[in-house]
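J.: Numbering (full-length UniProt numbering), first residue to last: 1 to 753.
Please keep in mind that the hints were generated in silico from the structure rather than gathered at the bench.
Heads up, some of the hints might be wrong.
[What the hints assert, rightly or not] Straight-line Cα separation of at most 27 Å, BS3-like style, residue types lysine-lysine; simulated pairs:
1. Lys345 <-> Lys584
2. Lys557 <-> Lys572
3. Lys586 <-> Lys557
This structure is a prediction, so every number in the text was calculated from the model and none was measured.
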Amino acid sequence: MNPKLPYVLLVGAAVIIFILSCMLLSKGGRLPSCESQPGVVEKTGSMSQSLVFADLTAEEMSQVVRYLQEHLGVPLVEASRAKPSENCIAWVDVQVPAKAEVLRFLDGGGARPPREALAVLYFGNQPEPNITEYVVGPLPAPVYHQDVTVQRYGGKVPYHRRPMLGSEYEQLRVFLESKAFAAAPTFLREVLEYDRTNVAFQTTVPHGFQSGDRVTWFVVFQNVSGFFVHPVGLEVLVDHSSLDTSQWAVSRVFYNGQYYRDMAQLESAYVQGRISVEKVRKAAWDGDFSSMKPRAPRAALFPVQFEPQGPRYSVRRNQVLFQGWSFAFGMSVSTGLRLFDIRHKGERVAYEISVQEALSVYGSNCPGGMSTRYMDGSCGLGRYTSPLVPGVDCPYLATYVDTHSLSDSLRPRKRKASICIFEHNLGSPLRRHYSNLQSLYYGGLVNSALVIRSIATVGNYDYVWDFIFYQNGAIEGKVQATGYPSSSFLHGDGLRYGNRLWEHTLGTIHTQFFNYKVDLDVGGVKNSLVAHDMAFEMTRAPWSPEQQIERPRLTKKVLDTEDQAAFRLQSKIPRYIYFAANSKNKWGHQRGYRIQITSFAGDHIPEASSMERAISWARYQLAVTRRKEEEPTSTSIYNQNDPWTPTVTFADFINNETITNEDLVAWITTGFLHIPHSEDIPNTVTVGNSVGFLLRPYNYYDLDPSIYSHDGVFFTSQQDFTACEINPLACLPKTASCLPNFPPFTYDGFRNM
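Using the sequences and the hints given, assemble the complete structure.
T.: Quick look at the structure:
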């Protein structure tokens, strides 16, 4: 026998095994791709109807700009380079028609309301500079414009109330670098190692202490990644109230606990050795401790959610359909994400649910920090909606929607992937029961809900805005806060106002308040507000009269007036408070939707404050008022820069009007107190910083509507629960064993900055 023969046979066998393995893998070893299955979509109204709420298209925005340029008879400068003394278009948004008109169209077969835009213009080049709002229409080919400023606000809006444009921030930066800083070259060079590129500024609001003021503290930071936590101890107060930028001047300077008249006095004190210098170690360009670059190597991939048979929801233009739910969505320039015509099982439960405002009130022993009261709607919660990162900001396979906005420019800007929509398996049952008494069975329903989300980055904070739709008819509004904490330079008694986060960094205490408008229409437009709660009553046991029983009983009260329906922030509120319809369910109860608030809010600013009326919505955790077209929002973008004479005062909405059997609106305030701590470095996490509200059916249905969900699971001890026809979970090895189609990763967040 040839001694080489066994080796030849072994090699031959190995080759045959390799070939067979390749054939098997090529034929049957690879998982099939996931394929979409036709979903069950209930009829909930046409997509064309939802377009009555649709945001303006880029072309419509451009049409509005062209119309205004041709018909106003005044020169309009590009806002991105406009001087305060010039005229410009600040922003353009859709003008949502009046509710009565919309309902006539949606429900009564009436004509479609004309499509219109709202344009906000700054007229700086006029004898009496002012802010004017125009309704422009009809779109897409406008032929009229109407000044609605007096109608909306009861008078002209003074020019000093205008939100700052990007061009004004840029002009102030140039002023600081070329004029203000030129007066202290030695101090800046030796203390800050200033080279015109290594500092960043953060501004404070409101701008002063009384109506007409426009003076702003500029807090100086190292210009590195996460600069918000790198203060250097220098803050400069600039008076920029004049429309002539050459008249702008430094009003005061603060450095390391001491105040100076101007930069020249600071320079003189430094050169003469009369200043206490606290030199800050220069940080690396990536921010060092504030860098968000991961400190750990990559490991096993995190879990990824996918839909083995494709999405079970549909998005058509501005309308979403999901498991009996339908709604229209949009993005307001100032207030951000908003929903309209929300229906469940074909019946409208809410006309509008929208964000109104995000407010922060700061404390510090530095001037910038102690004077800061951010009203982020003034900056634009929609304007600063950021592109979403697939796989982190939203599930990778979510549906991503682009939005357009026109602000600080004559041209619309496209924000790719600024809204995401996805179905989310919460990993827990919506309801379940395991029976081991009498009969043996299991029944349950996975808690799978639809989420629509946007994220607004306003300065240092990122707000994750969610509206969530559950299969039992509940709606959740939720906001999660993340981003960087705002900080002050640590000196003196700074620890009275927060915690030390790094060597010279004081994380400053602040409140966060979020306001929502919820226009519920439960069983129709006319509703009443009812409170149910509990009280203990003492009674004798009927079968043993000598014994006493304490038993809870139901308390009921109809809240008849707006004053009764205004619940102060820290006051006790009925545990069950709901909008009641004029119809009843099968069991004789008024159909209703309950409001349930989740909040850990800090204290509201004292009402004696000269600016409190501008944020008076924050007095109340819940206030229910009659719905009025002249009260569309709880605040105004103009309140930020003149809170001492607010353009809109929410407290005036509450005037003891009757709210029984009326069209009602719930104004909900939720929030939390944030005392930054070391774990806020490098930045704040969403865990524990999530607040919001639930709208829950309360006797609205005859039973839980989720019992009709296609996702239900039920089997008994007598059934073969491994069979697909009995238990859909048994089918997962077949129905979910597929490869989802993950498109290539893309991100548009760094383009067209």
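J.: If a hint holds in the structure, say so; if it doesn't, say that too.
T.: Structure-based check of all given hints:
1. Distance restraint check for Lys345 and Lys584: the Cα-Cα separation of roughly 17 Å lies within the 27 Å cut-off, and the hinted pair is therefore satisfied.
2. Only pairs whose Cα atoms come within 27 Å are accepted, and Lys557 paired with Lys572 is accepted, the gap being roughly 15 Å.
3. Between the alpha carbons of Lys586 and Lys557 the distance comes to roughly 22 Å, so the proposed pair stays at or under 27 Å and holds.
Consistency with the previously given hints is maintained throughout, with no hint failing.
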